[in-house]
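Asker: Terminal number for the sequence shown in my numbering: 503, no gaps in between.
Keep in mind that the hints were calculated from the coordinates and are not lab data. Misleading hints may appear alongside valid ones.
Unchecked claim - Now the in silico label distances, taken between C-beta atoms and shown as ranges:
#1 Lys473 / Pro302: 45 to 55 Å
#2 Lys467 / Val325: 32 to 42 Å
#3 Glu438 / Lys68: 25 to 35 Å
#4 Lys184 / Ala241: 30 to 40 Å
#5 Pro191 / Lys68: 39 to 49 Å
#6 Phe229 / Lys184: 39 to 49 Å
Positions of the beta carbon are idealized from the N, C-alpha and C atoms, including for glycine.
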Amino acid sequence: MKKFLVISAFLMLKIGAQAQQHKMSVDYVVPKDSLVRENIKEWQDVKFGLFMHWGPYSQWGVVESWSICPEDEDWTQRKGPFSDDYFKYKKAYENLQTTFNPVDFNPEKWVKAAKDAGMRYVVFTTKHHDGFSMFDTKQTDYKITDAKTPFSSNPRSNITKEVFNAFRKENFKIGAYFSKPDWHSEYYWWPYFPPKDRNVNYDPAKYPDRWQKFKDFTYNQIEELASDYGKIDILWLDGGQVRPSKKLNQDIDMAKIAGMARSHQPGLIVVDRTVAGEFENYTTPEQQVPDKPLIHPWETCMTMGNSWSYVPHDTYKPAKQLVDLLVKIVSRGGNFLLNIGPGPNGDWDPVAYERLQDIGSWIRINGECIYGSKPIAPYSTKNIFYTQSKKGTESYAVWLAETEDVHLPEQVFIALDGAKKIQKVSMLGTKVKIKWKAKDDGILLTIPAALQQGKFKYAVTFKVEHK
37 MKKFLVISAF
47 LMLKIGAQAQ
57 QHKMSVDYVV
67 PKDSLVRENI
77 KEWQDVKFGL
87 FMHWGPYSQW
97 GVVESWSICP
107 EDEDWTQRKG
117 PFSDDYFKYK
127 KAYENLQTTF
137 NPVDFNPEKW
147 VKAAKDAGMR
157 YVVFTTKHHD
167 GFSMFDTKQT
177 DYKITDAKTP
187 FSSNPRSNIT
197 KEVFNAFRKE
207 NFKIGAYFSK
217 PDWHSEYYWW
227 PYFPPKDRNV
237 NYDPAKYPDR
247 WQKFKDFTYN
257 QIEELASDYG
267 KIDILWLDGG
277 QVRPSKKLNQ
287 DIDMAKIAGM
297 ARSHQPGLIV
307 VDRTVAGEFE
317 NYTTPEQQVP
327 DKPLIHPWET
337 CMTMGNSWSY
347 VPHDTYKPAK
357 QLVDLLVKIV
367 SRGGNFLLNI
377 GPGPNGDWDP
387 VAYERLQDIG
397 SWIRINGECI
407 YGSKPIAPYS
417 TKNIFYTQSK
427 KGTESYAVWL
437 AETEDVHLPE
447 QVFIALDGAK
457 KIQKVSMLGT
467 KVKIKWKAKD
477 DGILLTIPAA
487 LQQGKFKYAV
497 TFKVEHK
């Protein structure tokens, strides 16, 4: 049967991640804790991060977790073996634990690629909705370090700890993704009832003792992560349906969880995504970029390919598109969390490394306009996007090309106020002087012929120094 399932992997559902978008919360609450506020400011300065969705599901190349959710949505459809029998399918899915053996796992390789690309923080899926823990939890045997998992005999079997340690050594901020719902736990999907949808399959108000056991289970797992895995900067909580509600109250006592987590990790950023209030320290528009700056901290989380999890022969976004996204997001005051799904062998698709290498080549020239920057009006005009240094003495106009190679026109207009206070205008990556003339509504640049003919890729940055 295992052989049949592996052979059938390419027949399984390969889901586009755009189907799983989450709505953004709007009522932002500024954290009272000064350490949290300071951490958020530091996080806002690093701008560019790595996201990774990974688990036994990578062996089938299917959407993470969602194919075991009994909802009739585009991204929850089942194909291949047992697709017409939910319970057989779920059993086969959970049995993937017994064949998961990512022997090529080498987090240092990921660190190098991410660092060279200019990424400065990482968010790793310690547990997705299916409940499989990628860390050595004591609360369940459905985990990477259990004897039923072949990789448990590997000296680096505690994958979450290995990932966090490797990235921390290179000064990355560390984020722990954790799913609040757990579709494997008998305290969330009680075997007495069949699951109905993504929610708890019983009424917590009717069975408070069972719900309390789930609350304790969740609290204990998060405490393990907060106390046993070194310095953690972000607790990134998914599954917004697990929240206080009049209809189906799934209150897990976020105040207690956040208080405990911050007792171990002072200044911890808590991202209870899509649940507006004091525990959503920044918002997370998914697979989208707001069309204007937001007044609170935010982060676009987006896939490099079409899927959050590994899919064989996935289509990866071109490097130019990824650079454009980074520029647009940063110009609107956000961070860019870019997802790559490791495969069943424990490594990324080679194309992912190529994309990061290309992004890094651009960042090494233009990073000055990205890190530690803030938005500045008018934010964008046509294909030009604006940022400013924190001290306000330098402004940047990033000119996005239509093609991979930059072909600049003879003249470029930069719509920045205060043109008469400008001391110097230059272009990052070259010492060739650029002539400029102050106008009432901005600056008119005259581009030398040597800079017009495809010398740069994706985008160029004009630096404007003020008095």
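Asker: Please go over all the hints and tell whether each is borne out by the structure.
Answerer: Hint check:
no. : hint                        : verdict
1   : Lys473 / Pro302: 45 to 55 Å : holds, 52 Å
2   : Lys467 / Val325: 32 to 42 Å : holds, 33 Å
3   : Glu438 / Lys68: 25 to 35 Å  : violated, 47 Å
4   : Lys184 / Ala241: 30 to 40 Å : holds, 35 Å
5   : Pro191 / Lys68: 39 to 49 Å  : holds, 43 Å
6   : Phe229 / Lys184: 39 to 49 Å : violated, 26 Å
Comparing the model with each numbered hint stated earlier shows that hints 3 and 6 do not hold.
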